[in-house]
Each structure stands twice: as C-alpha cells, then as structure tokens.
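*Asks:* Hey, can you piece these two chains together into the complex? The hints should help.
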Amino acid sequence: MKPRAAFPRCAALTLAACLLGAAGPAPRADLASAAADQKAFQDHFKSRFPEVPFADFANGPYAVNAAMRKQWEEIMQFPPYDFALDEGKTAFETKFANGKSYADCFANGGIGVRQDFPYFDTKSGEVITLDLAINRCREANGEKPLPYQTGMMASLTAYMAETSRGKPFAIKIPDDPRALAAYEAGKKYFYTRRGQLNFSCATCHVGAAGQRMRGDILAPAMGILAAFPIYRSDWGSMGTIDRRFTSCSAQMRSEPLPPQDVAYRNLEYFLSYMGNGVPISGPGTRP
Amino acid sequence: MRRLVLAGLLLSLPAEAWAASQAEAEAALAAAVQAEAQAAALGNRWVPAEAALKAAKAALAAQSWDIAAAEASKAHAMALRAVEQSKEQETAWRDAVVR
Numbered sequence: 093m094k095p096r097a098a099f100p101r102c103a104a105l106t107l108a109a110c111l112l113g114a115a116g117p118a119p120r121a122d123l124a125s126a127a128a129d130q131k132a133f134q135d136h137f138k139s140r141f142p143e144v145p146f147a148d149f150a151n152g153p154y155a156v157n158a159a160m161r162k163q164w165e166e167i168m169q170f171p172p173y174d175f176a177l178d179e180g181k182t183a184f185e186t187k188f189a190n191g192k193s194y195a196d197c198f199a200n201g202g203i204g205v206r207q208d209f210p211y212f213d214t215k216s217g218e219v220i221t222l223d224l225a226i227n228r229c230r231e232a233n234g235e236k237p238l239p240y241q242t243g244m245m246a247s248l249t250a251y252m253a254e255t256s257r258g259k260p261f262a263i264k265i266p267d268d269p270r271a272l273a274a275y276e277a278g279k280k281y282f283y284t285r286r287g288q289l290n291f292s293c294a295t296c297h298v299g300a301a302g303q304r305m306r307g308d309i310l311a312p313a314m315g316i317l318a319a320f321p322i323y324r325s326d327w328g329s330m331g332t333i334d335r336r337f338t339s340c341s342a343q344m345r346s347e348p349l350p351p352q353d354v355a356y357r358n359l360e361y362f363l364s365y366m367g368n369g370v371p372i373s374g375p376g377t378r379p
Numbered sequence: 005m006r007r008l009v010l011a012g013l014l015l016s017l018p019a020e021a022w023a024a025s026q027a028e029a030e031a032a033l034a035a036a037v038q039a040e041a042q043a044a045a046l047g048n049r050w051v052p053a054e055a056a057l058k059a060a061k062a063a064l065a066a067q068s069w070d071i072a073a074a075e076a077s078k079a080h081a082m083a084l085r086a087v088e089q090s091k092e093q094e095t096a097w098r099d100a101v102v103r
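Residue numbers (our numbering), protein chains in the order written: chain R, 93 to 379; chain Z, 5 to 103.
Chain Z with its partners taken away, still in its complex shape (with noise of 0.2 Å):
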C-alpha cells in the first residue's frame, strides 16, 4: 500500500521535475562520444549505437533535452557492451576456429 501511494506521489509530480537539463543532456552526450570513440578504435561500431549517437546530437541541435539524454544514454550503454564484446573476442574467437 505504502508503495502504491508512494508511487502516485511521484507520478503526479509535474513534468519538469522528469526533464533532463541542458548540462545533463550534454554530460550524458559526452559520455556517448567517449564510449563509442573507444567501441571505433577496436573496429566494433553497433550500427544502433551509432542511430542513437546520431538522434542525440540532433536531438541537442533542437533543445529537445529529454530526447538527448535518452538517446544519448542508449548510444552510450551499446558502445560500452561494444568495447566489451571486443575485448572479450579478443581471446575468444579462438575456441571458433574450426580444428
């Protein structure tokens, strides 16, 4: 019950109280860049990452705030899991290799 009513104060919160900032917006964009730098220097772009990238940066051109941070924090979420796909092959494609 507690959690119910918890829950109805926080979605009867105004709308600006969800919005991301400018500064996080960027922040969060920045990230982006940085991550999918590293996912590029290891050959390993994910064509989605790279779309999220894109949206964001548009997304900042417009003051669309909310939109870059949340595309901003897919890009930067897939380019973190790409540069750790990399390091994992790596080694692991190895134990492919048809013997």
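Pulled out of the complex, with its shape left as it was, chain R reads as follows (with noise of 0.2 Å):
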C-alpha cells in the first residue's frame, strides 16, 4: 500500500518542480557538475593516496614517494629557485619608464593573489592566468612581453607565488556559460588522447599518478599546479606552467602549442580549479 501512496506525492512534488522551474531561473545543472566534478576528482586521489594529507598533495611526487621525498628535503637545504625569487622580487619592485610597476595592475599590489589564478574575466570572455596578466600589465605600460616559458617570467611568478604561499587555491567559475564552456574545454584537453603515444594528460597524472616513468615519479593531478614556477633540474633552470604544457605535450609526442594558447590556458584552469584547497607552494623544485 504504501508504494501506491507515495506515487501521487511523487508526481505532485514532480509537477511543483516543473512550475517552479517554468516561472524561476533555470537551475544552474552546469556548475553543480563542475563541483561534482572536483569532488570525485578529490575523492579519487585521496582514495588512492589515504595516507598523504590533502595540503601535501602541493608537493607532487615528493607527497607519495618516501624516497624522492627525502633526497628533495635535501636540496630544499639550498633551494635551487633562491636566484629566481631575489631576481623576481627585484622586478616586481622596479618601477616601469612610465613609474607605474606590476603592483598597480593587480589587486592587493599584487602580493598574496596567486591562489585565484586563473580567473576567468567575464568582461573578455577568456581565462586570464597570472602569466597572461603580468604580460598584459606590462604592454598596458608601455613595456615589451616577456617570453612565458623561463626567463624573467618565472623569475617574476616565483616571486609572487612565494607571497601566496600556504594560501588554497581558490578558483571560481562565474556563472557564465562562457566560463562553463572554458572549463568543459579544459576538461576535454585534459582527458583527450593525442600525439603518437596516445597518451592524455590524465594517462600519466591520474591512472599513473605515483607510478615511475622511467626515471620519473609521475606527480598525481590534484594540486600539481600548486607547485609553479619550478626549478626543474631536468631542464637546468626555472619553467613556468607554460614550459611544462609544451614540455608534456612534446613528450607524448603531440605538437605544442604555443604558450598561452587558449586551450593550454583553459586545461590551467580545469586543472587548477580541480586542486582548490591545495595550498599554493611555488615556487617548487622538481626533478
């Protein structure tokens, strides 16, 4: 009997749904599955790595390999970014020809903002990361952009990471389905196989997260951004997110795209807003 009563009230709750959503606004289906998105996406690694603290997850390998842990607790002793940070704070405090400086161009004088890169400006309709801005506020002052991948523009992002550190990342998506549509291609650039490899982003950072690739220990996805600028002993010196996208990508043996490019900086953005809460712990070192 009780199936049958339950029936009707089903129904009228169903109905008083439709009418209310006939006369209000259209539920926001979109945003509530990018949330749904990051939970499952944390979720995932926290499953997978119990024992690791969800604020570790900002170191990358080091947060699930004892042993590269420890060889890098010894090179933070003389951390190879030191020069980066002095010549990036340095810069950051040089006044333009103009005698404006990077400080007028971002909230907070631009000190302690790295956690809520990249925004997506619904003014523009394009995801700005803290790479693109600091360019844009140096053209907006007369001055030339800065080549993104290493260089001063590490040097400058190593500076103002380091003023935001311990801060979570705190990426929000406006409700603009321009800003849905930038997440949902991130998304999809990050899942999305390609190059002669086959492989995705997610191949080696969510199913191989923990694992060796060769002499690598690949860092899990959640946070790993959290980390940049890095000095990459690989590489010799300092590479922002900009190196590391073209760098990957190269690897799978796809051709990169050029740095900024919108899909690299909608993959930051899905990528970023799925380690909210990871605190920022730039600039970093990496093997």
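These are computed hints drawn from the structure, not numbers from a lab.
Chain R stretches covered by chain Z per the calculated footprint, using a threshold of three residues with CB under 8 Å from any CB of chain Z:
#1 132 to 139
#2 276 to 290
#3 341 to 347
Quantities reported herein were computed from a predicted structural model and do not represent experimental measurements. Backbone N, C-alpha and C define an ideal beta-carbon position, used for all residues, glycine too.
*Replies:* Structural data, given as structure tokens:
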C-alpha cells in the first residue's frame, strides 16, 4: 500500500518542480556538475593515497614517494630557485618607464594573489592566467611582453607565488556560459588522448600517478600546479606552467601549442579548479 | 621453391626499377601535406609526422625522390592515424573522466 501512496506525492512534487522551473531561473546544472567533478576528482586522489595529507598534494611526486621526498628535503636546504626569487622580487619592485609598477595592475598590489589565478574574466570572456596578466600589465604600461616559458617570467611568477605560500587555490567558475565552456574545454583537453604515444594528461597524472615513468615519479594531478614555477633538474633552469605544458605535449609526441594558447589556458583553469583547497607551494623544485 | 626463385628474380632487378620518380614523390608529399592539414585542423599534429614531412620536403628539394617518397609516405600514414585518433577521442575522452 505504501508505494501506491507515495506515487501521487512524488508526481505532485515533480509537477511543482516543473512549475517552479518554468517560472524561475533555469537550474545551474553545469555549475553543479563542475562541483561534482571536483569532488569526484579529489575523492579519487584521497582514496588512492590515503596516507597523504590533503595539503601535501602541493608537493607533487614528493608527497607520494618517500625516497624522492628525502632527496627533495636535502635539495631544499639550498633551494635552486633562490636566485630566481631574488631576481623576481627586484623586477617586481622596479618601476616601469612610466613610473608605474606591477603592483598597480593587481589586487592587493600583487602580493598574495597567486591562489586566485587563473580566473575567468567576464568582460573579455577568457581565462586570465597570472603569466598573461603580467604581460598585459607590461603592455598596458608601455613595456614589451616577456617570453612565457622561462627567464624573467619564471622569476616574477616565482616571487608572486612565494607571497601566496600556504594560501589554498581558490578558483571560481562564474555563472557565465562562457566560463563553463572554458572549464569544459579544459576538462576535455585533460582527458583527450593525443600524439603518437596516444596519451592524455590523465593517462600519466590520474591513471599512473605515483608510478614510475622511466626515471620520474608521476605527480598526482590534484594540486599539480600549486608548486609552479619550478626549477627542474632536467631543464637545469626555471620553468613556468607553459614550459611544463609544452614539454609534456612533446613527450607525448604531440606538437605543442604556442604558450598561453587558449587551450592551455583552459587546461590550467580546469586543473587549478580541480586543485581548489590545495595550498600554493611555489616556487618549487622537481627532478 | 617457386617463391624463392621469384624473390631472387625480384632482387636481381636493377636499382632503378625500385626508385620513385619525381612525380611519385611529389604526389606522396601532396597527400601527406593534405592529411597533416586535417590533423592540424583537429589540433593533433604528431611530432614524428611533422619531422617526416620536413624530411620529405628537404629530400624533394635535394631531388632524392626515393627518400622524399618514403618520408612522405610515413608522414601520410601518421597524419591519417592522428585524424582517426582525434575522431575517436571526440567522444571517447568522456569515458576517462574521474567520476
């Protein structure tokens, strides 16, 4: 008897929901699905590495491999990114020819803001990364843009990241169909296999996270961008997120996109959103 | 035995009988360029396909028709596979999403 009694109540609720839906704003199904993506993503890594504290995912491979962590702790007695940090701080504090500085372009004078990047700019309808914001700041003040992959861009972002250390990623997806489209495009890029090796980003950083790929331990995707920019021993120098994306592409034998290509910016948006809550740890070091 | 004799006869043919002509090399390169353009339109150019294409163009410029045809053929095959991969992934990527 009870199931029969429940049906009319259920039907009435459905009808009421339909009427409300018709009268009010459409449900924010896409925003809800992005939040559900994030929860599933984070739950995956928490259950895969139950011994790793959530915040420690900011340390990439060192969070999931004890031997590498020990080496890293020794390296960190004299961090190889220190020179870049000093250079970045000096450049950040040096005024442009017009008398203005980077501080004039960013909220809070550019100090402690790394965790809010990238963000979706509802005015221009695009994802703005920290690196892109730095170059737009330069151009707006009559300066030439910096190359994106290494050098001064890495130094500046190292300094800005260092002022945000410990602050959790706080990426927002505004209720704007273009922002959701950018998020979805980044998600698609992350999971799409490409290149001669038929790998996706997820192949290494979800499916094989924590495992060895030749000499490297693959970092878990959750919080993977928190340490950027990084000094990578393999490179022998500092590198930005663009440098990592382009080198990852090449390793999959897929022709890299230009730095700050819309697809890379959307990827950074998706990945950073998946890492919400993981504290900024940059600049970092990697093998 | 017949196969062995046939293989021997084929191997004894002069090298010129195996060589690609300029027209063949140019046709192979044109096909490779077209396929690679399709892969590029799908955002999926492969590094070795680009390298083979470059080698084919260089060989063509150097009038090495055999090498040009061989490299173009490699580039063509890889570009076709890249296009196929992109088309498969248009929907298949969803199966990999963490849920």
